[in-house]
Amino acid sequence: MKRLILTFCVSTFFSFSNANGQSAVRLTGLQSDHLENPIGIDNPAPRLSWKMEDSRQGARQRAYRVLVGKDSIQVAGGTADMWDTGKLISENILVTYAGKPLEPCTKYYWKVISDDLLEKEVVSSVHSFETGMMSIKNWQGAWIGDGKDKDYQPAPYFRKKFAAGKTIKSARAYIAAAGLYELYINGEKIGDHRLDPLYTRFDRRNLYVTYDVTGQLRNGDNAIGVLLGNGWYNHQSKAVWDFDRAPWRNRPAFCMDLRITYSDGSVETIPTDLSWKTSSGGLIFNSIYTGEHYDARLEQAGWNMPNFDDSKWNGVGYRGAPSQNIVAQQARPIRNVLTIPAKSINKINEKTYVFDFGQNMSGVTRINVSGEEGTEVRIMHGERLFDNGRIDMSNIDVYYRGDKVKDPFQTDILILSGGKDEFMAKFNYKGFRYVEVTSDKPIELNQNSLTAYFMHSDVPSVGKINTSSELVNKLWWATNNAYLSNLMGYPTDCPQREKNGWTGDGHFAIETALYNYDGITVYEKWLADHRDEQQPNGVLPDIIPTGGWGYGTDNGLDWTSTIAIIPWELYMFYGDSKLLVDCYENIKRYVDYVDRTSPNHLTTWGRGDWVPVKSQSNKELTSSIYFYVDTRILANAAKLFNKQEDLAYYTALAEKIKNAVNDKYLNKETGIYANGSQTELSVPLQWKIVPDNMIAKVAQNLAKKVEEAGFHLDVGVLGAKAILNALSENGYAETAYKVAAQDTYPSWGWWIVNGATTLLENWDLKAERDISDNHMMFGEIGGWFYKGLGGIFPDPEQPGFKHILLRPNFVKELKHFEAQHESPYGRIVSKWKWDRRKINYEVIVPANSTATLYLPDNIKGDKVIELEAGRHDLILTLSK
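Going left to right, the sequence shown walks through residues -19 to -1, 1 to 861 as mature numbering (1 follows the signal peptide of the UniProt record, and there is no 0) numbers them.
Careful, some of the hints might be misleading.
To be verified - With a cut-off of at most 27 Å between alpha-carbon atoms, the simulated DSSO-like pairs for lysine-lysine come out as follows:
| no. | residue 1 | residue 2 |
| --- | --- | --- |
| 1 | Lys455 | Lys445 |
| 2 | Lys559 | Lys51 |
| 3 | Lys142 | Lys293 |
| 4 | Lys841 | Lys819 |
| 5 | Lys401 | Lys387 |
| 6 | Lys819 | Lys719 |
| 7 | Lys645 | Lys719 |
| 8 | Lys170 | Lys129 |
Hints in this document: simulated from the structure, not taken from any laboratory.
Hey, can you work out the whole structure from these sequences and the hints?
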């Protein structure tokens, strides 16, 4: 096998140089538990990772040494009092801390020293991580509340005045809440997070957040202010999901330690106790589901300042901790990530204005308004408009069962003070493009009176797609909008109608998620929710977290396979097996449950191909294939963790499931599964259950079925996950692209040409149910661009893109295509452009990584090419 075909290697594409003009090498991207310099982590053995930036061909790390210590100067100088790995001959860039036991509330410094390909030493800068409480026994604060009933609507405000008599060196606030909170010190809101702490199964796990508040404290008098919101903990609004009846439901409460370290080395803790005071204020109602009501006349100015007169405030009461599992929130926080001004304003009359923000999103709006004291302003958020220009809520309020006048859906209510008022919801978010502002007395608004904020888990972008097709570019953008709109510390189905953590939606979109965003911390948090929710027999609900809804008859394999698929995909994309370790026994219990209840190795447990175009698909076929997928993952994990008995058992079980499916549903004469729908043909191909000698025939049948449909979809969620991969990975990339870029009904592109800026819940724009305009369940297409066109795949044998599998498809309908993915090793690029019958193909393989390029059959020359790190320019010629 030849090394390259007409390959020109250019090492200066992303090079950098030192002062002498020589190529420089740097260690960058240092992270602790996949976060940059985190504070308040609980993991006693954090994972430490880094990247080597080196533009030279064949660049790699020959050895590394990690140092961890309490003294930054010592670590910088090359000594460490906590952990020194010594020099290890290894290309690893992810290690698990194995030094002396970490202490709570302590900052540690670390760095990496690596040898490059010429065995020259490369030293990183010093980074840090800081532990949090690490155990519930280390808290000094008590859980406190205002003593009101769970149905009492005004939000509780809390304050504590204290004096700092010495020079402050550093200060940390550790705060846990049942519900949501905003924390203030001396009148300043601490941090830019939204909706903290993240939603969990509150009676089994509670999260706390750590803040560096050194800059907010001062010598002398200080004041802490805490405002609590209901969140999912105290769901007062009624909907079909029964969160108002959740077993944990109670009035919000919180626990806090403010830990101050003085310059003389002494430490003082200001805890929550009976010395705190409480009152109500302007926030008279809040619901994570419907909206917030704020009476600006009731706001107590300066309530969180030291000089505030709190003589009329009440005492607090102790509350039991909602659970005994209080752990650090080690996840990317929710933020107002993008500010979006109104694109237009339509003044209906002097009391009614409709704003259009130009795109669908999750988030909140901020209004600036003046008017007569006591004027009630209603701010309604929606996705659609009636013909008369007013908001149409009919597609998203169908499951709401509350009072639509007193607690209107997706609507904030502001009562004006008589001066200039500004309002933005603190403990709620909506899904919307349009906002209708109505008032009971005339007000004057302009286009700048209302601003929208796209709010979601602030996960860094790691992917980019750029093509010659405007439709494809818009589809990729809309898919990402839908994904981010549905990431709020857990993946949701929609940001308006439900806000539920539907498990199916979560794993259908997992590759799209990981090609485009660094979301590992959010998924590690969500899989902890899975472990909290799993029944002793292994069963999971199909919405997680849940207050009890979702343990029905259809919460089966095509949905709740999240427990296996997501840990496996994170291992593939990051090379980090921790989540797979954490979930191993849970996957095993889950598979064992299905095994016990499926004596013939086939199961109908699941929801099936949800929201199909028209053809129905056999649920036993699709659910049994997901049974195979989960069992195969379990067997692979058993091999990885050297569990030989499990490996033998679950390998054999997977083979039995595969044989049972093929024996019953595959016609070996015709190559047709079941009745031959697009879903019934694509799902077996996607999940590699088709016998090797039948793959070509089944794929041919699928391609023929698609062509007969005019390259249109006839699938629901399971088929949408599978069909493009099933085609492009089995010789029909041109067919897959025609489906992906189709712009007439039914297709993804049909949504885009009709103005969609997110993905929809139904292929039919005129459907009467399942009609959210911001849904992620059909979101696989965003990941397929990287796979089916860019050909970028992780290698299961060397995961985390240590070795890259490149299987590009140079489809003729695209003039050029580029995919970039920032892997744990660095940036991967797969970029191609047509030049008559030739293709200019550019590949970038990051340092310390390698790739194997598999070229399509219609390219002349060698079909398999090994690529080292660096840039590779290939000129490829068509063979026919």
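Exercise. Is it true that the CA of lysine 170 sits at most 27 Å from the CA of lysine 129?
Worked result: Within the cut-off at roughly 25 Å; holds.
Exercise. Taken at face value, is the distance from the CA of lysine 719 to the CA of lysine 645 at most 27 Å?
Worked result: Violated, because 32 Å separates the two Cα atoms, which is more than 27 Å.
Exercise. Quick one, are lysine 455 and lysine 445 close enough, alpha carbons at most 27 Å?
Worked result: Measuring from Cα to Cα gives roughly 12 Å; hence the hint holds.
Problem set entry | Agreement of lysine 142 and lysine 293 with the hint, judged by alpha carbon distance not exceeding 27 Å | Holds, at about 15 Å.
For this session: Take the C-alpha atoms of lysine 819 and lysine 719, compute the straight-line distance between them, and say whether it is at most 27 Å.
Result: holds (21 Å)
For this session: Would you mind confirming whether the straight-line C-alpha gap from lysine 401 to lysine 387 stays at or under 27 Å?
Result: Holds - the C-alpha atoms of lysine 387 and lysine 401 are around 25 Å apart, at most 27 Å.
Exercise. Holds or violated: are the alpha carbons of lysine 841 and lysine 819 at most 27 Å from each other?
Worked result: holds (10 Å)
For this session: Compare the distance between the alpha carbons of lysine 559 and lysine 51 with 27 Å, and conclude whether the hinted pair is satisfied.
Result: Cα-Cα ~25 Å, so holds.
Taken one by one, the earlier hints fail for this structure only at number 7.
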